[in-house]
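Q: This is what each chain is made of:
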Amino acid sequence: MTTPTILLVEDNPDDEALTLRAFKRSNIRNEITVVRDGAEALGYLFPEDDVTPSPALILLDLNLPKIGGLEVLRRMRADDRTALIPVVVLTSSKLEEDILDSYRNGANAYVRKPVKFSDFTQAVNALGVFWLLMNEPVPNHGSEAPIEAGRS
Amino acid sequence: MVCIAADGRMILVNGEAERLFGYEREELIGQLVDILVPEESRAAHPGYWAGFLADPQHRVIGGDTPLAGRRYDASTFPAEISLTAIDTGAGILVTAAIRDLTARLRLRDLERSSQSLDSFIYSVSHDLRAPLRGLSGYSGALLEEYGDILGEEGREYAERIVAVSEQMARLIDYLMQVSRVSRTELHLQPVDVGEEAARIAAELQSGEPGRAARFTIARPVQALADRRLIRTVLENLLGNAWKFTYGRDDTSIEFGTAPGADASVCYYVRDNGAGFDPEYAGKLFQPFQRLHPARDFPGTGTGTGLATVRQIVELHGGRAWAEGAVGAGATFYFTLDGKESA
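Residue numbers (this note's numbering), protein chains in the order written: chain V, 1 to 152; chain F, 1 to 342.
FYI, nobody ran anything at the bench for these hints, they're computed from the structure.
No experiment lies behind these values; they were computed from the predicted model shown.
Any given hint could turn out to be false.
To be verified - Residues of chain V placed beyond 10 Å of chain F at every Cβ, according to the derived structure:
id, residue
1, Ala17
2, Leu18
3, Pro47
4, Glu48
5, Asp49
6, Val51
7, Lys66
8, Gly68
9, Glu71
10, Arg74
11, Asp79
12, Ala83
13, Leu95
14, Asn105
15, Tyr110
16, Pro114
As the list claims (entries may be wrong) - Examples of chain F residues lying across from chain V (beta carbon under 7 Å, computed):
id, residue
17, Ala130
18, Leu132
19, Gly140
20, Val162
21, Gln167
22, Ala169
All C-beta atoms in this analysis are idealised placements derived from N, C-alpha and C, irrespective of residue type, glycine included.
Just need the whole structure built from these sequences, with the hints factored in.
A: Shown next as structure tokens:
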């Protein structure tokens, strides 16, 4: 049985490494797929062979090469296959317009990446616990296994 | 101001026009107004002139794309011209009010470059945060995973890397805030500054309920200001007063107004705290300056609070200054513009 995956859309390799580490430390065992720009994210979400993956959670950076995070979000929300997947915008920006645009385009949450290491770890941990354990996922994904992440 | 007859000849010239174009009055009277137009556009000028006379409605030309005026010495300047026709019965007279736009254009360029500098600072600051997360993150990971083999000294070094990257993050946040405030459009509205002050005072007190303090807040104090920004000003000033009265059992903090010299009202926040050496009063409002060692007062920030106060107050067309003495408390004053009413 596979647990639902987390999709991390992140172009900064350090942020990627630190996020992956924080998930590992939080005992969140879900497979994490990393894509490094907006085009790659869309390629993953809308594959040619039409076997659409349904990540349990998408962590989306805004400032991405090729296609920006907001555009990825816009296209996801416009498509039935991805319209309901929880998306947490995880970014450096605290610009009011970025926050507003994210929510307007259907983000479920907006988290500013903390600089402080312990805060960063805590933020990723909290996101994982909330979205993968506490939050009731969108129904109609009956074929998927229950989420097995957790503190063991 | 130049007054022109229908034949295009100047019949009246004021002193301002003499100065602007560098001619003596008698050199202009009777001449075609074309001599005030640069050579390259002179050929087309009679056509424009005839066009205006055919439909002599008042108009301002050159506002969007400045025209050029030609001085006696053949130099040119950007100009805006307001044309008004007067029907004297004995023919049309046209008054042309000519404005030199040099200063206005220079200001506009300055504003543009300052705006682009602000956006540049914002995006650079934003980009600088990313490597800092790496610095803090990897040092933290080093501590967590290899702390035991680093030894005490090694751990301390790693902890210092974590601490200084946080400090740098705060400085960067300040830069971002400054660049954002200066790009902010003011949303001026009537604000009861006293009510805002009272709210912040209550927050400060509830944060440390055990502290005995007396707040004296004048209310209502109406002002025309940007509510969000004025709140930041008060948070900084009252927050400082709260911070620098720490340890006193008779803390007294006052918010009020006094008649202002260059504005109708000046606002002040007064405390009976640590005060400051007046010799360094000018440094208070500079970013990253601190007159008290951080360790003496808990909760001391980045040394940017008063710089933010000054920036916001100046954005409102006011100014900020301080009076105080070591051990004798401090009073911080600010004005907004001249539109306040107490």
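Q: Confirm or reject each hint.
A: Hint by hint, here is what the structure shows:
no.: 1; hint: Ala17; in the structure: violated (8 Å)
no.: 2; hint: Leu18; in the structure: violated (4 Å)
no.: 3; hint: Pro47; in the structure: holds (30 Å)
no.: 4; hint: Glu48; in the structure: holds (33 Å)
no.: 5; hint: Asp49; in the structure: holds (35 Å)
no.: 6; hint: Val51; in the structure: holds (34 Å)
no.: 7; hint: Lys66; in the structure: holds (18 Å)
no.: 8; hint: Gly68; in the structure: holds (14 Å)
no.: 9; hint: Glu71; in the structure: holds (19 Å)
no.: 10; hint: Arg74; in the structure: holds (22 Å)
no.: 11; hint: Asp79; in the structure: holds (30 Å)
no.: 12; hint: Ala83; in the structure: holds (30 Å)
no.: 13; hint: Leu95; in the structure: violated (8 Å)
no.: 14; hint: Asn105; in the structure: holds (20 Å)
no.: 15; hint: Tyr110; in the structure: holds (16 Å)
no.: 16; hint: Pro114; in the structure: violated (8 Å)
no.: 17; hint: Ala130; in the structure: holds (5 Å)
no.: 18; hint: Leu132; in the structure: holds (5 Å)
no.: 19; hint: Gly140; in the structure: holds (3 Å)
no.: 20; hint: Val162; in the structure: holds (6 Å)
no.: 21; hint: Gln167; in the structure: violated (10 Å)
no.: 22; hint: Ala169; in the structure: holds (4 Å)
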